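Number of protein chains: 4
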Amino acid sequence: MNDILIICGTNRKDSISKKIALIYQSLLEELGQSTQLIDLLELPNDFAFSALYENSGKNTQFNTYRTLMLEAQKFVFVVPEYNGSFPGVLKTFIDGLKFPGTFTDKKCALVGVSSGVQGAGLALSHLTDIFNYCGTYVLPVKPKLALIDDHFQNGVITNKLYLELLQIQAAKLIAF
Amino acid sequence: MNDILIICGTNRKDSISKKIALIYQSLLEELGQSTQLIDLLELPNDFAFSALYENSGKNTQFNTYRTLMLEAQKFVFVVPEYNGSFPGVLKTFIDGLKFPGTFTDKKCALVGVSSGVQGAGLALSHLTDIFNYCGTYVLPVKPKLALIDDHFQNGVITNKLYLELLQIQAAKLIAF
Amino acid sequence: MNDILIICGTNRKDSISKKIALIYQSLLEELGQSTQLIDLLELPNDFAFSALYENSGKNTQFNTYRTLMLEAQKFVFVVPEYNGSFPGVLKTFIDGLKFPGTFTDKKCALVGVSSGVQGAGLALSHLTDIFNYCGTYVLPVKPKLALIDDHFQNGVITNKLYLELLQIQAAKLIAF
Amino acid sequence: MNDILIICGTNRKDSISKKIALIYQSLLEELGQSTQLIDLLELPNDFAFSALYENSGKNTQFNTYRTLMLEAQKFVFVVPEYNGSFPGVLKTFIDGLKFPGTFTDKKCALVGVSSGVQGAGLALSHLTDIFNYCGTYVLPVKPKLALIDDHFQNGVITNKLYLELLQIQAAKLIAF
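Residue numbers (this note's numbering), protein chains in the order written: chain A, 5 to 180; chain B, 5 to 180; chain C, 5 to 180; chain D, 5 to 180.
What the hints contain is simulated information worked out from the structure, not anything from laboratory work. Some hints could be false.
To be verified - List of simulated lysine to any residue pairs, SDA-like, C-alpha gap at most 20 angstroms:
(1) A/K62 / B/L45
(2) D/K17 / C/D50
(3) A/K23 / B/Y57
(4) A/K176 / D/G105
(5) A/K102 / A/D50
(6) B/K110 / C/T140
(7) D/K111 / D/T140
(8) C/K176 / B/Y137
(9) B/K102 / B/G61
(10) C/K176 / B/L45
(11) D/K176 / A/A179
(12) B/K111 / C/K176
(13) B/K176 / C/K111
(14) D/K164 / D/S30
(15) A/K176 / D/K164
What the hints assert, rightly or not - Which stretches of chain D does chain C cover? Using the computed rule of at least three CB atoms under 8 angstroms from a CB of chain C, they are:
(16) 15-28
(17) 36-42
(18) 151-164
Values in this document were obtained by computation on a predicted structure and should not be read as measured data. Glycine residues also receive a C-beta, built at the ideal position from the N, C-alpha and C atoms.
Model the full structure from these sequences, guided by the hints.
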């Protein structure tokens with residue numbers, strides 16, 4: 005599979021991160037890159053128990069996503085800031101994936117989203133630690149879309165710099 | 005409530021972290037400190053969906069733990085290393101708690117556990133960021149119990165230094 | 005010594021951090037707290053070589069600051085963001101201090117300053133790791149004074165929220 | 005210049021990091037890769053004052069190293085753990101380099117060295133934040149040579165795993 009896999013890093017309904025993920029998808033498609041999107045909202049609701057540890061690899065519904073992650077070579081994670089870091093559900097998703105194999109020697113891009121002023125900066129730092137631990141190359145450019153409610157309206161990113169940063173990152177990920 | 009609340013930071017069955025948490029509990033009790041213990045294994049299996057966001061505060065079973073966390077003044081988190089950081093389920097638990105109020109101006113102690121050589125060092129750094137963000141004072145001494153399988157046998161911590169570090173930390177948390 | 009020691013975390017001439025440090029000093033004094041201020045600009049210019057390692061404790065001029073740090077019980081570090089973290093010179097200063105003894109079981113407050121949008125957030129996270137390693141309690145509230153050129157003019161912090169955060173932090177440090 | 009530039013991340017005399025840097029150099033040379041080595045010990049002793057800020061680019065002796073860094077495309081940083089992070093002098097060196105230009109879109113490998121058990125794990129995490137901020141791609145494999153005094157004797161790395169990790173990393177950096 006050569007699609008770039010975009011992961012919406014929260015299971016919150018109607019999340020802005022999901023909308024940003026969809027915009028990112030169209031940015032990649034405009035550059036001629038095929039994509040797929042995983043929304044953590046679609047995961048089986050009890051996956052933290054039914055798809056980890058002794059149940060690892062045994063949850064059929066979860067395995068759909070597990071296989072997508074295993075087969076992809078490049079990822080984009082769109083990550084809202086919850087309590088000063090990434091959503092726990094995103095890390096739980098990672099904890100349920102095949103190790104090693106899912107992440108080793110692959111490549112990823114990280115995008116932070118926050119209603120506050122930090123743009124999930126610490127979340128992206130923490131995730132970089134995690135992905136590097138898993139053997140994944142992380143693109144150094146990591147857009148931090150702070151104060152998102154001021155810069156995303158009616159489905160459109162109104163902050164020109166934000167949009168440019170995503171376009172630059174998307175092009176770099178394709179070339180990486 | 006003046007009990008110190010100990011949180012086993014994983015929902016894995018028969019985890020070593022749970023056993024360390026129980027030892028920590030007896031260390032505190034020996035020092036005359038009353039305690040309670042939360043095991044993430046007991047959480048409702050779908051709490052990542054049924055107790056967060058629009059369901060925040062509405063899951064009766066989860067609320068038992070939410071109230072315990074809200075009323076406690078001091079916490080101990082026993083944290084295994086998963087994929088180079090803390091378990092996602094621990095952060096999801098945090099994401100389901102009342103904010104602000106659960107953590108502001110409270111105090112916590114962090115213990116790392118790993119089968120590998122790092123002792124969850126990065127996990128404890130990430131959690132420190134999170135708790136500081138939430139307004140919680142974090143004890144600077146953070147025992148990192150690396151290579152735990154060599155140092156914990158038959159329910160006993162066989163590494164004398166590890167035990168001393170936990171005792172020092174427990175005493176500091178009581179005095180904090 | 006019961007003075008709170010304020011450290012201007014850069015050796016740049018006419019730094020905004022120095023000016024913020026002076027404002028912090030007056031905030032503490034207004035609360036009845038005596039203070040002293042260390043400006044890294046005053047350090048012997050070759051201290052990275054003449055006051056570390058085999059020369060540790062032997063540089064008379066550096067020792068003035070080393071003794072101040074050793075005797076203080078509480079610190080405020082005003083930290084500009086350089087290359088995504090704290091200034092190297094601040095860490096070199098720390099590397100030249102007596103260990104252990106300077107930091108163990110003491111207390112500190114961290115303030116971040118940046119011309120960019122992050123307010124030295126990662127710098128403060130890195131420093132928290134360092135001070136916790138050294139056994140120092142770090143106040144969880146860590147003001148991040150981003151876009152400082154817009155919010156500091158003619159020697160006055162014009163952003164009301166910034167000033168309030170510093171006042172809250174100063175009061176907490178005194179009470180800590 | 006296509007040499008890989010190896011930076012010994014301390015100015016301590018007779019440092020183990022320097023010896024590890026020399027071993028790394030021979031590993032790269034054995035793989036047919038030309039190299040150069042910068043030892044921070046050779047920097048002008050007052051460079052933290054005479055080569056930064058208003059003096060940036062004006063210190064002839066420092067500029068030799070500044071130019072080497074500017075022209076290289078790939079770096080190896082051998083980083084001892086000081087006070088729970090990297091040596092301040094290494095960050096000061098980075099603060100004296102041309103920005104942007106020195107690091108943007110380049111590639112680097114990080115090696116941690118410690119007498120203690122952590123292998124400079126947090127130092128490498130902090131440096132990853134810094135290099136990513138500067139636009140540099142960081143190799144995810146980051147050997148952490150903990151308890152180095154037990155594993156490096158008479159100029160030889162006696163820990164087979166440590167040597168293998170360095171060889172793997174060196175090959176990956178060449179291919180990156």
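Which numbered conditions among the earlier hints are violated in the structure presented, ordered from lowest to highest? Structure breaks hints 10, 15, 17, 18.
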